[in-house]
Amino acid sequence: MNIVVCIKQVPDTKSVHFDIERGTLVREGIEATINPFDLHALEAGLQIRDVCGGEVIALSMGPPQAEDALREALSLGADRGILLSDRAFAGADTLATTYTLARAIDRLGPVDLVLCGRQAIDGDTAQVGPGLATRLGIPCVTSVSTLEVLDDRKTMHLRRVCEEGYDLIEVEIPALLTVMASLNTPRLPSLKGKIRARKAEIPVWGVQELGAEPGRVGLMGSPTQVVSTSVPKFEARREMLEGSPEGQVEALVARLKEAGVL
Amino acid sequence: MAQVNYFLTEEQQMIVDLARQIAIEKIIPVRAELDREERFPAEIMKDLAQADLFGLYIPEEYGGLAKGCFENCLAVEQLAYGCIAVTTTFAASALGGYPILLFGSDEQKARYLPDIASGRRLVAFGLTEANAGSDAARIQTTAVEDGDYWVINGTKQWITSGGEAEIYTIIAMTDKKKGPRGATAFIVEKGDPGFGFGKKERKMGLMASSTRELLFNDCRIPKWRMLGNRGQGFILAMKTLDLARPGIGAIGVGLAQAALDEAVKYARQRIQFDQPIISFQAIQHMLADMATKIEAARALVYSVARTIDAGARDFAKLSAMAKVFATDTAMQVTTDAVQILGGYGYMKDYPVEKMMRDAKVLQIYEGTNQIMRNIIGKALNKEYAKR
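Protein chains in written order, with the numbering used here: chain A, 415 to 676; chain B, -3 to 383.
Worth flagging that the hints you see were computed from the coordinates, not collected in a lab. These figures come from a predicted structure and were not determined experimentally. Among the clues, some could well be false.
With a straight-line Cα cutoff of 25 Å, these simulated DSS-like cross-link-like pairs (lysine-lysine) come out [said to hold, decoys possible]:
| hint | chain 1 | residue 1 | chain 2 | residue 2 |
| --- | --- | --- | --- | --- |
| 1 | A | 606 | B | 313 |
| 2 | B | 356 | B | 199 |
| 3 | B | 186 | B | 199 |
| 4 | B | 344 | A | 613 |
| 5 | B | 313 | B | 344 |
| 6 | A | 428 | B | 261 |
| 7 | B | 219 | B | 186 |
| 8 | B | 219 | B | 63 |
| 9 | B | 195 | B | 356 |
| 10 | B | 186 | B | 173 |
| 11 | B | 42 | A | 606 |
| 12 | B | 344 | B | 199 |
| 13 | B | 174 | B | 105 |
| 14 | B | 172 | B | 219 |
| 15 | B | 63 | A | 606 |
A short, non-exhaustive set of chain B residues, derived as facing chain A with CB atoms under 8 Å [what the hints assert, rightly or not]:
| hint | residue |
| --- | --- |
| 16 | 7 |
| 17 | 10 |
| 18 | 14 |
| 19 | 17 |
| 20 | 47 |
| 21 | 61 |
Think of the CB as a built atom: it goes at the ideal place given N, C-alpha and C, for glycine as much as any other residue.
Please construct the entire structure, taking both the sequences and the accompanying hints into account.
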């Protein structure tokens, strides 16, 4: 089975912080990492490959340093990595991103399965998976929490998490899935994988290689414009209510009404 | 602030990073539970296998990474930062594997090393007996030829990974009257007829490591399982231990570093007499001695391991120095860490009491630190006789 796993390099949540004045993420000097959900997508791809054969291709669109994320994917067991990087790709919203990713997947030839994380932890849109499936013209199942490939190696039984439970879904490849963290536990890198990843060549595809229309990538191809970003202010106050339980409940309800919560 | 530069290659740094990642993500979160329940860390062994660490010292043709004693030290130091019971289980597989690597025939290597390198099968080393500890030449387990078989009888004691390992390299007497020259090494597999395990020992520390007896009751193994030449068993055991001892030193360094980290962290936030206790010189001087000894131990262990990898011969003295200094350091540093944490240090809610209980075994196993000093002393006598 030929599997493409889309991965995004995001700032490490352990060290990221906001510039309150400018309303932006401080990215300088912050370590980047693979979007955590994407690690679960990669693990799912590796597990399917280990059983069904084929190859796992890690695909990432981003600045040149996103190559590090692809090397990490290789150290975990991906067979190869492809970086989509071009100045023209900068400022892409999810519409332009899915266009660019779809061009790359078309260029890779027949692909059986595309795996994405449920959402990226920086943008949090959860739109790229479904948008990409639409462009590729293949079925999309989001928020997958369990996955079983049947013996025909074409049919999959999936559990999709919903607000009040889950759906059981049968889907045939080719398909695109976005996965939940509960699907699996990502493996550790291996030493051989790390050594291989260090030496691996990672091709970089830009507008030209993809044969992309310049007006459909990056800022030019993005109808979404971020007007401003602000960091909400959190104010923590503490008040201890005393007295009889009944009195405390009354006082609490009054406070909540006052605050507009009730 | 600057750290000592040990001039690691990119690959050596990868080994450090990976082993550290495993210690932090896989070992530290479960170490207290493994200790409390005396549970064998089977899951972590799978993680170490997946990470290729079991193959570090094994040649590439058998699926390993063809690294040396130094890389092994780098890996176990980081794992020991997490838990030395887990690390001992990992390191015991190398102790059992070295004899096959050093003395095995091509057929034996081809048969066993790939499984050892991949971590599919754990190995254990069986030398110690009830009456043969420091005086290893007193072993009483016997192996007698019987047609195409060897028949083994006797009991090995305190064998790390006993019952859990699949492959055992053991030493038995084949010619009792020849003394140490009458010992021979054999490979025994779990499931061989007449081979069984005694009860699980109850220990002071090192709880997650399985320590059991090996019972041989007319155990019949095919002739080809003899390892090395007949009568070479004692030399094989000593060469194996010489090669493994820097690793024990490295385990001591990793454990001591973990204890120091806990002690400094605590001393910075514990307020007594209106100030953090690290502001008291009494505490500062203890921490300073701990940190200095750890760095000295690390430098010694690394230097000895690199000397071995550079092809040194007759390095028993150096191995013994690395083991004795680093493990005495671990004992002292973990004891002082408990002291700095005071009453909290004595409680199981904090990790340093386990570290102190665990540290003691480092001064005992793979040759007591008294035997280490014997080795160093004898070597000095020999060296100076030549001058």
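Next item on the list: Could you check the structure against the hints above and give me the numbers of any it violates, in ascending order?
Entry: Numbers 1, 4, 5, 8, 10 and 13, in rising order.
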